[in-house]
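Peer 1: Here the protein sequences line up with chains A and B, keeping their order. Position one of the first sequence corresponds to residue 38 (my numbering), numbered consecutively onward. Position one of the second sequence corresponds to residue 38 (my numbering), numbered consecutively onward.
One or more hints might be untrue.
No copy is singled out in the list; a pair is fine if it fits within one copy or between any two copies.
[As the list claims (entries may be wrong)] In silico BS3-like links for lysine-lysine, alpha-carbon gap of 27 Å or less:
| hint | residue 1 | residue 2 |
| --- | --- | --- |
| 1 | K95 | K270 |
| 2 | K289 | K271 |
| 3 | K289 | K213 |
| 4 | K271 | K232 |
| 5 | K169 | K113 |
| 6 | K265 | K196 |
| 7 | K289 | K95 |
No wet-lab data here; the hints were simulated from the structure.
Protein chains: 2
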Amino acid sequence: MIKVAVNGYGTIGKRVADAILKQPDMRLIGISKTTPNYEALIAYRKGINIYVPQQSFKKFEEAGIVPAGSVEELIKNADIVVDATPNGVGAQYKTIYRQFDRNAIFQGGEKADVADISFSALCNYNDAINKKYIRVVSCNTTALLRTICTMSKVSRVEKVRATIVRRAADPKEVKKGPINSLSPDPATIPSHHAKDVNSVIKNLDIITMAVVAPTTLMHMHFLDITLKDRVDKKDIIEVLSNTPRLVLISSKYDANSTAELMEIARDLRRDRNDIPEVMVFEDSIYVKDNEVMLMYAVHQESIVVPENIDAIRASMGLMSADESIKITNTSLGILKGYLI
Amino acid sequence: MIKVAVNGYGTIGKRVADAILKQPDMRLIGISKTTPNYEALIAYRKGINIYVPQQSFKKFEEAGIVPAGSVEELIKNADIVVDATPNGVGAQYKTIYRQFDRNAIFQGGEKADVADISFSALCNYNDAINKKYIRVVSCNTTALLRTICTMSKVSRVEKVRATIVRRAADPKEVKKGPINSLSPDPATIPSHHAKDVNSVIKNLDIITMAVVAPTTLMHMHFLDITLKDRVDKKDIIEVLSNTPRLVLISSKYDANSTAELMEIARDLRRDRNDIPEVMVFEDSIYVKDNEVMLMYAVHQESIVVPENIDAIRASMGLMSADESIKITNTSLGILKGYLI
Numbered sequence: 038m039i040k041v042a043v044n045g046y047g048t049i050g051k052r053v054a055d056a057i058l059k060q061p062d063m064r065l066i067g068i069s070k071t072t073p074n075y076e077a078l079i080a081y082r083k084g085i086n087i088y089v090p091q092q093s094f095k096k097f098e099e100a101g102i103v104p105a106g107s108v109e110e111l112i113k114n115a116d117i118v119v120d121a122t123p124n125g126v127g128a129q130y131k132t133i134y135r136q137f138d139r140n141a142i143f144q145g146g147e148k149a150d151v152a153d154i155s156f157s158a159l160c161n162y163n164d165a166i167n168k169k170y171i172r173v174v175s176c177n178t179t180a181l182l183r184t185i186c187t188m189s190k191v192s193r194v195e196k197v198r199a200t201i202v203r204r205a206a207d208p209k210e211v212k213k214g215p216i217n218s219l220s221p222d223p224a225t226i227p228s229h230h231a232k233d234v235n236s237v238i239k240n241l242d243i244i245t246m247a248v249v250a251p252t253t254l255m256h257m258h259f260l261d262i263t264l265k266d267r268v269d270k271k272d273i274i275e276v277l278s279n280t281p282r283l284v285l286i287s288s289k290y291d292a293n294s295t296a297e298l299m300e301i302a303r304d305l306r307r308d309r310n311d312i313p314e315v316m317v318f319e320d321s322i323y324v325k326d327n328e329v330m331l332m333y334a335v336h337q338e339s340i341v342v343p344e345n346i347d348a349i350r351a352s353m354g355l356m357s358a359d360e361s362i363k364i365t366n367t368s369l370g371i372l373k374g375y376l377i
Numbered sequence: 038m039i040k041v042a043v044n045g046y047g048t049i050g051k052r053v054a055d056a057i058l059k060q061p062d063m064r065l066i067g068i069s070k071t072t073p074n075y076e077a078l079i080a081y082r083k084g085i086n087i088y089v090p091q092q093s094f095k096k097f098e099e100a101g102i103v104p105a106g107s108v109e110e111l112i113k114n115a116d117i118v119v120d121a122t123p124n125g126v127g128a129q130y131k132t133i134y135r136q137f138d139r140n141a142i143f144q145g146g147e148k149a150d151v152a153d154i155s156f157s158a159l160c161n162y163n164d165a166i167n168k169k170y171i172r173v174v175s176c177n178t179t180a181l182l183r184t185i186c187t188m189s190k191v192s193r194v195e196k197v198r199a200t201i202v203r204r205a206a207d208p209k210e211v212k213k214g215p216i217n218s219l220s221p222d223p224a225t226i227p228s229h230h231a232k233d234v235n236s237v238i239k240n241l242d243i244i245t246m247a248v249v250a251p252t253t254l255m256h257m258h259f260l261d262i263t264l265k266d267r268v269d270k271k272d273i274i275e276v277l278s279n280t281p282r283l284v285l286i287s288s289k290y291d292a293n294s295t296a297e298l299m300e301i302a303r304d305l306r307r308d309r310n311d312i313p314e315v316m317v318f319e320d321s322i323y324v325k326d327n328e329v330m331l332m333y334a335v336h337q338e339s340i341v342v343p344e345n346i347d348a349i350r351a352s353m354g355l356m357s358a359d360e361s362i363k364i365t366n367t368s369l370g371i372l373k374g375y376l377i
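Excised from the complex, chain A in its bound form:
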């Protein structure tokens, strides 16, 4: 049983913590929190150990949350830490992880050089085995890599051109915008996503463009993939249907937008309405000779959760890719084939 700590308990941290609680081979020893907000209170009520900065003990106690200890103690008590602190803060914490000689999983908001390897379970799990520091790439990059590595089972991926329409903010973020604008992010090409994909698949010819749209639900990607060989649409649908962590959305049931996908997640009683699978609009799949175009939606809040779980097993050298991915998918109810 690996003892896992989650440092940072925001959008990603709380989901990774819940996912750890569902793993047969892991024990969540606690999470860290800097402010005693609603997320801290709900975690505390669930019996999760809350570790806080030394200077914040009083603040938490006043809010009715008795800390289990300091953040340093949390790290010391763990075999491995999932760092889900805000962008850039993980790099600062690395000093402490190193001081206590703890393995750590970082998020995509950190620079690639924070870790020994950037990670996507379907692409390079085995290269990450026994790596002390692993960085799970960001939500958009995770979606790109899952899709590209899945396509590569059909034919070698020679070129990728992608437009990423990003959500402006997560549903809980009330201070971010835009609310009525399309904001290129950045107004230069390529966006950082191409480089981030290259941190996992070196030398892939990929160029990405990104724009922020005023929505909170999901990102969407518009991909143009050039394969080595001519392919049939049915081969693409087959490989997408048979790969867990990607699901197809049929137009048959009138779910043609991110809002309707979210409604499906609610009706299916998914935890927090999460859909960690890449959601491919089946009818969008368009094949012309060796070129495949498609559209999919990315639930930014949850997509990296299964990759974080796999990264823990890879870092600890517990098992192979296939074994870990299978346990993660089963424990989290992650599908393949049609979402409904």
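With the hints as your guide, set chain B onto chain A.
Peer 2: Same frame as chain A, now just chain B:
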């Protein structure tokens, strides 16, 4: 002096009418309106003749607007009609234009076969000379065609792949959505824009994908153009700088979103904040061998206005492309080079 009628006085119609008022060789004989709303009242106060359906005379008079006559009279009094009625209604009106033997300019909401030719001034003006019925393609297609035909001055355009992020509604449309969703439009590939481009440039290898985002200000396009020859970025910037109806946005002045472009239009005191020029984010221009990628914004309410003016001159056989485009640009204050 050509006598021009504008049938339909909504988003496009009112702008075309104002543009006609600025042309040295045209006279606006009147516009048609079916309801005496604020647009009708403001037009009436400006002294524009309002023609209305026979059965609506009383309704208009009660609203303080004295009709100049019926819609049939408007058509009869004109040499040419610009049809700016809602999508699909133009095809019904064609019977009446034909009955009175009047030339007509249709909008992109009509099917291509409504007219003798689909039109983009920078692409095929001369083919449209003396054509009785001309269809000005839609806002998105107009932007695509302006850009593609401009690029073709540098090298033959061999392939275009585009993602179109559409605005959900015009600013005045209060009953449309989505308000918090990305809605593929449609969730199939290609979107109709590719076919519409092919209505002007036959046989171009173009595939488009479209999605609606919850914003009202502008569309944005993300283009990947493959040219016959390798090109330099400076050649692309040069041709874009030297073509009126396309302008460059420099990142120097921090206008990196559609909201900020709109603010520039307001600060420049553009009529109705309109920017009929395609607005290219200069720093987005990315060249890799013979491949050019770029991002631009499209002001859906006004972009087709200059094309409608040119289409009138082409249909009436008044002058060549170069002459008409020059007069249209000068009269409407349409720029080339940098927006600011």
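Peer 1: Which numbered conditions among the earlier hints are violated in the structure presented, ordered from lowest to highest?
Peer 2: When the structure is compared with the hints, numbers 1, 7 turn out to be violated.
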